[in-house]
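A.B. asks: Okay, here's what each chain looks like letter by letter:
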Amino acid sequence: MEVLSVENIVKQYAGHTALNDISLTTKKGEIFGLLGPNGAGKTSLIRIINQITGPDSGRVLLGGRELKREDIARIGYLPEERGLYKKMKVYEQVMYFARLKGLTKKEAKERIDMWFEKFEITSWYNKKVEELSKGMAQKIQFIITVLHEPDLLILDEPFSGFDPINAQLIRNEIMELKKKGASILLSTHNMSSVEEICDSIALINQSKMVLKGNLNDIKNEFRSGVYSIQFKGMMFGFANALFADFSLEHSEQIDEDRAIAHVKLLKDNTLNDLLKTIMPVVNIEAVNEIIPSMNDIFLEAVKQKEGGDHV
Amino acid sequence: MSKTGLIIQREYGSRVRKKSFLIITLLVPLIIAGLGFLAMWLSVQETKQVKVLVADPENLCNGKIFVGDNANPPAIFYFYEDYLEPSVFYESGQYDDYDILIGIRKEVITNKSIKVFYRERMSKQTEYYIRDRIELRLEEYFAMDRGITLTEYRRIRQEFNFILENVDPYKTDTEPAQIVGFAISILIFIFILTYAGQVMRGVIEEKTSRVVEIVISSVKPIQLMMGKIIGIGLVGLTQFAIWAVIIGLGLTFIRIFFFQDMVDPSNLADALAPIEGMSPDLLTDQAAAVTRESDLIWIIYNGIPWPTLITLFVLYFMGGYLLYGALFAMIGAAVDSETDSQQVMIPVMLPLMFSYFIGILVIANPNGPAAAWFSQIPFSSPIIMLQLVAADTIEIWQVVLSLTILAGTIILIIWGAAKVYRTGILMYGKKASWKEIFKWMRH
Chain A
632 MEVLSVENIV
642 KQYAGHTALN
652 DISLTTKKGE
662 IFGLLGPNGA
672 GKTSLIRIIN
682 QITGPDSGRV
692 LLGGRELKRE
702 DIARIGYLPE
712 ERGLYKKMKV
722 YEQVMYFARL
732 KGLTKKEAKE
742 RIDMWFEKFE
752 ITSWYNKKVE
762 ELSKGMAQKI
772 QFIITVLHEP
782 DLLILDEPFS
792 GFDPINAQLI
802 RNEIMELKKK
812 GASILLSTHN
822 MSSVEEICDS
832 IALINQSKMV
842 LKGNLNDIKN
852 EFRSGVYSIQ
862 FKGMMFGFAN
872 ALFADFSLEH
882 SEQIDEDRAI
892 AHVKLLKDNT
902 LNDLLKTIMP
912 VVNIEAVNEI
922 IPSMNDIFLE
932 AVKQKEGGDH
942 V
Chain B
177 MSKTGLIIQR
187 EYGSRVRKKS
197 FLIITLLVPL
207 IIAGLGFLAM
217 WLSVQETKQV
227 KVLVADPENL
237 CNGKIFVGDN
247 ANPPAIFYFY
257 EDYLEPSVFY
267 ESGQYDDYDI
277 LIGIRKEVIT
287 NKSIKVFYRE
297 RMSKQTEYYI
307 RDRIELRLEE
317 YFAMDRGITL
327 TEYRRIRQEF
337 NFILENVDPY
347 KTDTEPAQIV
357 GFAISILIFI
367 FILTYAGQVM
377 RGVIEEKTSR
387 VVEIVISSVK
397 PIQLMMGKII
407 GIGLVGLTQF
417 AIWAVIIGLG
427 LTFIRIFFFQ
437 DMVDPSNLAD
447 ALAPIEGMSP
457 DLLTDQAAAV
467 TRESDLIWII
477 YNGIPWPTLI
487 TLFVLYFMGG
497 YLLYGALFAM
507 IGAAVDSETD
517 SQQVMIPVML
527 PLMFSYFIGI
537 LVIANPNGPA
547 AAWFSQIPFS
557 SPIIMLQLVA
567 ADTIEIWQVV
577 LSLTILAGTI
587 ILIIWGAAKV
597 YRTGILMYGK
607 KASWKEIFKW
617 MRH
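Line by line, the protein sequences give chains A and B. Numbering follows the numbering used here, in which position 198 of the first sequence is assigned residue number 829; successive positions increment by one, without gaps. Numbering follows the numbering used here, in which position 229 of the second sequence is assigned residue number 405; successive positions increment by one, without gaps.
Hints were generated in silico from the structure; no laboratory data involved. All values reported here derive from a predicted model rather than from experimental measurement. We put the beta carbon where it would ideally sit given N, CA and C, even for glycine. Mixed in with the good hints there might be a few duds.
Cross-link-like lysine-lysine pairs, in silico, DSS-like; alpha carbons within 25 angstroms at most [as the list claims (entries may be wrong)]:
{"#": "1", "chain 1": "A", "residue 1": "K718", "chain 2": "B", "residue 2": "K396"}
{"#": "2", "chain 1": "A", "residue 1": "K720", "chain 2": "B", "residue 2": "K227"}
{"#": "3", "chain 1": "B", "residue 1": "K227", "chain 2": "A", "residue 2": "K759"}
{"#": "4", "chain 1": "A", "residue 1": "K898", "chain 2": "A", "residue 2": "K934"}
{"#": "5", "chain 1": "A", "residue 1": "K740", "chain 2": "B", "residue 2": "K179"}
Between beta-carbon pairs, the in silico distance windows are [unchecked claim]:
{"#": "6", "chain 1": "B", "residue 1": "P523", "chain 2": "A", "residue 2": "M632", "range": "52 to 60 angstroms"}
{"#": "7", "chain 1": "B", "residue 1": "L588", "chain 2": "A", "residue 2": "G792", "range": "38 to 46 angstroms"}
{"#": "8", "chain 1": "A", "residue 1": "G792", "chain 2": "B", "residue 2": "T484", "range": "56 to 64 angstroms"}
Partial list, computed: chain B residues near chain A (C-beta under 10 angstroms) [as the list claims (entries may be wrong)]:
{"#": "9", "residue": "L182"}
{"#": "10", "residue": "I183"}
{"#": "11", "residue": "Q185"}
{"#": "12", "residue": "E234"}
{"#": "13", "residue": "E382"}
{"#": "14", "residue": "T384"}
{"#": "15", "residue": "R386"}
{"#": "16", "residue": "V388"}
{"#": "17", "residue": "S394"}
{"#": "18", "residue": "K396"}
{"#": "19", "residue": "I398"}
{"#": "20", "residue": "R598"}
{"#": "21", "residue": "T599"}
Can you make the complete structure from the sequences, with help from the hints?
C.D. replies: Now the structure itself:
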């Protein structure tokens with residue numbers, strides 16, 4: 632079921648285009664990764680979804696209906712640039728933001744207690760934010776983001792600045808919220824950090840959509856057909872055996888008679904064909920497919936797109 | 177509760193609960209009441225002795241004035257047996273030793289009118305002493321002239337009419353009421369500056385700490401801006417209300433325990449002892465007069481229309497504060513840090529400072545065109561108007577007009593400031609120029 636639909640959004644600032652015809656869709660119980668380098672337009676898009684700014688054209692739908700001011704209560708937003716009121720006490724602060732999201736005092740109190748007990752931080756209630764460490768403040772910010780149980784969770788660079796322990800904690804919470812059915816839009820420039828948790832992704836570069844879809848489909852699409860083969864035997868004989876059906880991309884000697892070679896399948900050859908070809912020549916110790924990282928996919932997609940644009 | 181309500185509550189609550197707010201709110205009025213007491217006390221402890229030159233061409237006083245058994249009388253009398261023009265007294269230089277010129281002309285017998293020219297306005301205490309002595313001397317003369325006893329004369333006498341004028345025809349005196357008015361102007365100026373400044377610092381704090389990102393994902397920027405302005409404004413009003421109550425109680429306390437004799441006629445017998453056989457209603461008249469023994473005390477307790485001034489203070493403080501508060505919020509949103517704000521603030525600070533200086537000019541001339549114009553211009557009216565109301569040189573329609581113009585301007589300014597605010601609070605890392613600010617306003 633669709634939760635968020637962004638349709639043909641265009642946003643221009645004085646002198647430059649921040650978003651150029653961007654469309655995407657997130658589903659219930661799905662983690663959607665909005666990826667792209669710094670300055671690609673991710674934050675601009677997120678601000679439009681949060682109704683902090685408006686688009687020049689295009690529209691945003693939430694649950695199939697055009698997004699309205701009241702829908703703010705259905706969205707949880709953890710900004711990249713996040714701060715808290717330094718002089719305010721932790722409990723009061725969380726209560727304040729909860730009530731701004733439309734929770735009653737009673738509801739807010741129950742949920743604050745629940746989250747603080749879960750994170751075992753009820754002793755912070757009367758601390759001022761300025762007394763907290765950065766990691767502690769980040770937990771508070773995360774609680775503020777999810778306290779009103781939003782249908783759509785927007786996390787802008789959620790792991791930046793988190794220490795590894797807190798990053799893991801937040802990752803677990805995100806997975807749990809996903810299980811409960813929330814749709815999560817996660818934006819980051821650090822592509823590798825989200826690979827393992829995203830179901831779908833969109834790649835934005837220089838205000839344009841470069842690539843989008845299911846992460847596995849994309850990975851399949853960008854499969855390079857390169858395998859890493861570890862063997863015992865002579866590299867010379869190995870390379871000769873490949874002949875015209877396969878190409879040797881890269882090789883590395885481990886010790887005197889063992890090596891790792893990266894081999895690309897050419898034409899319609901399969902991995903079986905490759906194995907058949909090299910088995911007589913060397914002793915195979917290990918075979919792995921080399922899967923492109925999101926970074927590689929991004930670079931490849933940008934290259935293709937630019938190539939396409941020039942045609 | 178509405179979202180704006182929640183913001184107002186936070187802005188208000190977080191400030192009112194601060195220790196510094198409590199200390200300033202309680203300490204300042206005590207200091208003001210203390211200083212007020214000191215000023216009033218000093219005003220009745222005056223020891224300066226004035227020299228009075230009595231120009232008495234008909235020699236009605238016969239060169240004598242009974243000074244009473246006062247060892248240190250507030251005035252000493254000298255006589256000049258000829259006419260003396262006040263201009264000569266003022267300009268010639270040979271009379272510089274004398275502070276006051278009193279002309280007793282032949283006509284005094286019929287018109288009972290005596291002119292008193294002073295270089296510097298004497299205190300009420302001195303004034304009443306001089307009147308008392310002159311009157312007493314002339315009564316003796318009149319009684320003798322008619323062949324009746326002094327006691328009989330007093331029964332049929334008419335009040336003398338003393339006309340006080342500054343010997344310098346170009347100088348108008350600053351009434352104490354105007355000084356009180358100016359003090360209120362300064363207070364309003366300080367209030368506007370303090371609380372509008374708090375709005376700016378609040379906006380900058382939210383912007384630099386980035387907490388604004390979280391807030392405006394829940395509320396509209398204008399709700400945040402207005403919530404902040406209103407919340408902080410209510411802090412100002414709370415402080416003012418507490419001050420008014422404490423100062424009011426303090427002044428009442430001072431009046432009851434220290435200056436009671438100024439108010440209670442029964443305490444006047446001693447002060448008026450020299451005049452024998454005075455009728456009781458005359459005593460009451462004198463009591464009313466002696467209440468004014470100190471101008472300052474009289475002004476504070478009777479001469480200032482406090483309810484009107486307090487009402488107008490609240491209206492003009494709110495008006496001036498909303499106007500400048502919105503402008504300061506706009507500046508806070510446009511800059512990236514508090515140190516950046518100084519330069520951008522200049523165009524907004526200028527009219528505020530300018531109004532303050534106009535205020536100083538207006539004390540000297542509350543009837544002039546500057547007073548009339550600057551009490552209407554919305555950027556200066558909150559500071560100038562109360563002074564004119566205290567000096568009683570303004571019509572009610574002028575106050576209504578000024579408030580209407582102020583209200584209209586506030587709406588315009590808030591509308592423009594909100595546009596700049598919503599763009600500015602999300603612009604990090606650079607300070608906006610005025611050119612950009614105007615561009616955001618038009619956007």
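A.B. asks: Take the hints in turn and mark each one as holding or not.
C.D. replies: Right, here's what the structure says about each hint:
| no. | hint | result |
| --- | --- | --- |
| 1 | K718/A / K396/B | holds, 23 angstroms |
| 2 | K720/A / K227/B | violated, 69 angstroms |
| 3 | K227/B / K759/A | violated, 68 angstroms |
| 4 | K898/A / K934/A | holds, 23 angstroms |
| 5 | K740/A / K179/B | holds, 18 angstroms |
| 6 | P523/B / M632/A: 52 to 60 angstroms | holds, 54 angstroms |
| 7 | L588/B / G792/A: 38 to 46 angstroms | holds, 42 angstroms |
| 8 | G792/A / T484/B: 56 to 64 angstroms | holds, 58 angstroms |
| 9 | L182 | holds, 5 angstroms |
| 10 | I183 | holds, 8 angstroms |
| 11 | Q185 | holds, 9 angstroms |
| 12 | E234 | violated, 80 angstroms |
| 13 | E382 | holds, 8 angstroms |
| 14 | T384 | holds, 8 angstroms |
| 15 | R386 | holds, 4 angstroms |
| 16 | V388 | holds, 8 angstroms |
| 17 | S394 | holds, 4 angstroms |
| 18 | K396 | holds, 8 angstroms |
| 19 | I398 | violated, 12 angstroms |
| 20 | R598 | holds, 8 angstroms |
| 21 | T599 | holds, 9 angstroms |
Comparing the model with each numbered hint stated earlier shows that hints 2, 3, 12 and 19 do not hold.
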